[in-house]
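Heads up: the protein sequence lines correspond to chains B and V, in order. Heads up: the first sequence is residues 2 to 219, going by the working numbering. Heads up: the second sequence is residues 1383 to 1538, going by the working numbering.
Any given hint might turn out to be false.
Stated by the list, open to error - The calculated lysine-lysine pairs, modelled on DSBU-like cross-linking and capped at a C-alpha distance of 30 Å, are:
| id | chain 1 | residue 1 | chain 2 | residue 2 |
| --- | --- | --- | --- | --- |
| 1 | B | Lys198 | B | Lys162 |
| 2 | B | Lys70 | B | Lys162 |
| 3 | B | Lys207 | B | Lys159 |
| 4 | V | Lys1385 | B | Lys107 |
| 5 | V | Lys1533 | B | Lys107 |
| 6 | B | Lys83 | B | Lys162 |
| 7 | B | Lys162 | B | Lys204 |
| 8 | V | Lys1523 | B | Lys107 |
| 9 | B | Lys178 | B | Lys159 |
Just so you know, these hints were derived from the structure itself, not from any lab.
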Amino acid sequence: MQQAIYTVVIVAALSVAAASIKPVNEPLAALPANAHEDNLMEKLNVNAAENSALRDSLASASAFLEVYKVLMSPRCMNCHPKGDQPLQGDDNHLHVMDVQRGEDGKGMYALKCANCHQPQNVPGANMPPGNPNWHLPPADMPMVFEGKSPRELAIQLKDPKQNGHKTMQQLIHHVSKDSLVLWGWNPGEGRTLPPLKHAEFVKQFKAWVATGAVAPAE
Amino acid sequence: MIKLQVNSKSYSVDASPQMPLLWVLRDMLGLTGTKFGCGMAQCGACTVHLNGEAVRSCVTPVARAANQQVTTIEGLSTDLTHPLQKAWLAEDVLQCGYCQSGQLMSAAVLLRENPNPTDDDIDKAMSGNICRCGTYPRVRKAIHLAAQMQKEGGKL
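Take the sequences, apply the hints, and build the full model.
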């Protein structure tokens, strides 16, 4: 008697299992011969796209970390301070003479940037470095580098409301051609260079943009 | 030859384009009111106006001043009637006096751009002019007086 009950239960369970499998098998059987393969390829393609996006994301973040090394070097960061006073030297000390940013980023009163900074570097150690357009970002868009994490700086760079109203293409042009950016690699006697050569910096910047301008995780 | 307008007079000088403007002013034009201090734009003693801005003439190549307007302490006024000159005398600002032509030229830019400066404005404008005698409190006082005189009709 007990064996009969077990048999009934097992048969019922198998029936339920078969019924639950059937809806999955039936549509496949109704599809063309190669549909199963196509479906798998679609799934694989989705995975490939995801993998590609992941690869791009990692490459983008990695490229930005290289860019970040340059942006945080004294030659770049000293004129992108968190306060309203430029920085000086490889130790990023506050600019002597209490020089101030001013509304337009070009200094104030008798201490405007161009009063000391000539259109070119003045020869000799510790002499004023020069560029025809020596300035800080303006007060209403200070574009602070100092103290920013890679993620914070990447987000800031991508935001036209914080990056000087620039598109990513304009940013590429800026880092490639702007003479004040290029000055960083010709800073005059006694000043260290950024950690990457300019061409490598531009290459990494372009790579960052081309792969989605991803902000690295904190 | 490089052509300059200095204190409203025209000059042509036979100088290297890279010669500091200070050398031209002092050694070629005989305008020795402007002083050599540090030679590296750190002290402000050599301050003159280039198109109205208070440049450091020790690091300014004369080529930058070609065909431009230069004003030295001799040109601030011809008869000591500039409010700053009057205020400097009234407050007896000078001690040794070496830095004072630079101080005056910087102060003139401040008063032009901010006719009623606060102490903080004065500090921000004048902190690049070093005075080894420590006349800073009198400089500040004289600038306030000059601002007052200017308001009352003194010319700038």
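Holds or violated: B/Lys162 to B/Lys204, with C-alpha atoms at most 30 Å apart:
This hinted pair holds, its Cα atoms lying about 25 Å apart.
Hint check: B/Lys83 vs B/Lys162, CA-CA at most 30 Å. Holds or violated?
With a Cα-Cα distance of about 17 Å, the restraint between B/Lys83 and B/Lys162 holds, given a limit of 30 Å.
Is it true that the CA of B/Lys198 sits at most 30 Å from the CA of B/Lys162?
holds (29 Å)
Given the hint that V/Lys1385 pairs with B/Lys107, test it: the Cα-Cα distance must not exceed 30 Å.
holds (28 Å)
Is the Cα-Cα distance between V/Lys1523 and B/Lys107 30 Å or less?
holds (27 Å)
Against the 30 Å threshold, does the CA-CA distance of V/Lys1533 and B/Lys107 hold or violate the hint?
Holds, at roughly 28 Å.
CA of B/Lys207 to CA of B/Lys159, is that 30 Å or under?
holds (13 Å)
30 Å Cα cutoff - pair B/Lys70, B/Lys162:
Status holds; Cα separation ~23 Å.
Within a Cα-Cα threshold of 30 Å, do B/Lys178 and B/Lys159 meet the stated pairing?
holds (19 Å)
In summary, this structure violates none of the numbered hints.
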